[in-house]
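2 protein chains.
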Amino acid sequence: MDVTEELEASVRRQVEAARQATVRLRTATTEEKNAVLEAMAAALEARAAEILEANVADVTAAEAAGTRGAFLDRLRLDPSRVRAMAGGLRDVARLPDPIGRLEEERTRPNGLKVARMRIPLGVVALIYESRPNVTADAAALCLKSGNAAVLRGGTEAVRSNRAIASILGDALEAVGLPRGAITLIEETDRAAILAVLRLTDLVDLAIPRGGEGLIRFVVENARVPVIQHFKGVCHVYVDAAADPDEALAIAINAKTQRPGVCNAMECLVVHRHHLTSGWFRRFAEAAAGKGVRLRCDPPALEACAGLENAEAASPSDYGAEFLDLVLAVKTVDALDEALDHVVRYGSHHTEAIVTEDAAAADRWLKEVDASCVVVNASTRFNDGGELGLGAEMGISTTKMHAYGPMGLEELTARKFVVMGEGQIRS
Amino acid sequence: MDVTEELEASVRRQVEAARQATVRLRTATTEEKNAVLEAMAAALEARAAEILEANVADVTAAEAAGTRGAFLDRLRLDPSRVRAMAGGLRDVARLPDPIGRLEEERTRPNGLKVARMRIPLGVVALIYESRPNVTADAAALCLKSGNAAVLRGGTEAVRSNRAIASILGDALEAVGLPRGAITLIEETDRAAILAVLRLTDLVDLAIPRGGEGLIRFVVENARVPVIQHFKGVCHVYVDAAADPDEALAIAINAKTQRPGVCNAMECLVVHRHHLTSGWFRRFAEAAAGKGVRLRCDPPALEACAGLENAEAASPSDYGAEFLDLVLAVKTVDALDEALDHVVRYGSHHTEAIVTEDAAAADRWLKEVDASCVVVNASTRFNDGGELGLGAEMGISTTKMHAYGPMGLEELTARKFVVMGEGQIRS
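Line order of the protein sequences matches chains Y and B. The opening position of the first sequence corresponds to residue 0 in numbering that gives the first Met the number 0, with each subsequent residue numbered one higher. The opening position of the second sequence corresponds to residue 0 in numbering that gives the first Met the number 0, with each subsequent residue numbered one higher.
One chain only, chain Y, in its complex shape (with noise of 0.2 angstroms):
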């Protein structure tokens, strides 16, 4: 893939645009941001008409070119999606505001008065894919974090995209923000992605949102920091010590109540003890009821004996994002055998396991290495809204900067503050 000069130029222009609107951006008081982000809620509801006659464009021609199923369906707008959006807005308004903050606040012997003062990053470029209600709702959390956003949806969304930029950045002119403060790239082709994530003067971070293809093709091309956001392979460890009522309602719903998503489970481990006792019958029957089919190692097959929802596990079923209602099924001795196989299979996300037993519940928080770890509770609570964040700009499953959920904060940074009377360094 080729960034011709012509586009290479292009681009740096519309991300100048957004590193100049951070320079505003960075002392807009909160009232400011909170009654911008309030006038582009009332504006999508105001001129709803306008994003879903796009919208009908975008949904008309992917049909054209033959899309079907889920994906058309993230792609289409109605009226309560609209309203949704705005409504979204209106949240990330009521949230509290990090920059400015002093953390950690001190005086050194000498009387210097030392604190961290939050800061935003400056410019995030969002690369994303085919949901338009993506735009609004990064320009929200990147606006009030005091950031400016550079966003570069899917090519199959570029109408309603455009039409939703284009009301936001009217509302940022109306109180006298700068547009460039959400900057929509302009170009549709894969190319214009390669220029952003080159403009290592220009922007601080790119965060991908979307399949493993474009998380994998943004990591791989960028230049500039990433933060990542991979598949979700999460487990749910049910422990001999396990509550057999709760285990079964917190591994149902884990799997079914949304298995479309990251943290939903993939891959159930039990021990042995729960074949025998009965507690697994029991599982893979209700599993059956919610229509999940379940791919298990030989003990756990056996247990099923008779069951038409179960069947041999390959070995490619472990560490398999399924994001359906499948199941991989390991069967494990001993909690240390557990761990192995989240270490081994795991990708990072969550993990759960569900135990009476305090010793391997504070085993597990302490040993497994992934952003959100959990005891005796579904995998599906990793999300920011349900942590307490208040909404987020999705997951990361690497260390730096931020694991887990990225809310408001996460989309900040800290400076030292130091004030003095005069100290002097001897």
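You can trust all of the hints, since none of them are fake.
Put simply, identical chains are the same to the list, so a pair is met inside one copy or across any two.
Computed list of lysine-lysine pairs in DSS-like fashion (alpha-carbon distance at most 27 angstroms, straight line):
no.	residue 1	residue 2
1	Lys365	Lys230
2	Lys230	Lys414
3	Lys365	Lys112
4	Lys230	Lys289
5	Lys414	Lys112
6	Lys365	Lys414
7	Lys230	Lys112
Quick caveat, the hints were computed from the structure, so don't treat them as lab data. Keep in mind the model is a prediction, meaning the values are calculated, not measured.
Following the hints, position chain B against chain Y.
Structure of chain B alone, referenced to chain Y:
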């Protein structure tokens, strides 16, 4: 530069040992870590002769290769420097252990207990130049924060580094911790650095320490995350409302107390008021007494008439990191002009204002984008020890993950910890 298959395989094997060590390090207790730090300190002192002998060989070889001056001084060890190295290890042992600490504990409306737990990053690679003490300092900070250290020091210090690393490794083994926790890369050619920087599956973070050339080499070639420590072009702005005596003491200290380091002042920004008040002339004379040569813009040069240490600045003097008794001087008519100068020529390192005007101080703290912003104190305070972090791994001038001095906490990440009683999502 080419990484041969043989080199790649050898470096991978060494870094895999470090990765393997992280499993044990993750659960090492504070007591274990402190005990090994104390044992390391004692071993460095007891076996100082081995280190000094190796160091003599390094210094002799460097001299034979024509090396002189500051470079040779940084390379050279003596008994007191070895004692200082041991003392540094004991200092790290006394620092609070961030690992396992629970932060932001909260209970969600559904009863879930949520917190964030400090965890190690994993494998931290240090790429550094001549000073052999970095080997012990970096190993100690990594160990205390539960990380495995992969160390690649300068070729000229390889004998000293091997002696130090071997002593530290023996101490690890003596307490039952894996030797891989401190892994000194054997190969001394620069291609070995490249090989380390490409191990995205094994290395969590690379930190370059040294001259700008080394840092650029690492940043441009790394596929693993890098925290950059670029140059320090630090300004002191003497505002119209500065206390004259305080301003004089701070400016002289920032320039002359240790001119060769990154938090020394490189450019004095002076309000025009002080050219006519006589303050600047007084400063120029004091600077002359300390051997400082001034590179002045026309108004400042005029105010120095007759002083032998003042000459006209060339455009390249602004933004230059002299690391020497040389100072650029820029005259401004207002705070805004000073802020603009810092935006244009600063390096996001340390920026100080001297003023009695609270509004000017407040604007400086909020608007200047630097890892450390200072009011009425010397720039020399941007240092982990001085700011209360205890010790530092260098000073980050990028905002991702860490901005400013990196202490133990900056070598950690935080995972979400969720404790439930059977909660599921509806």
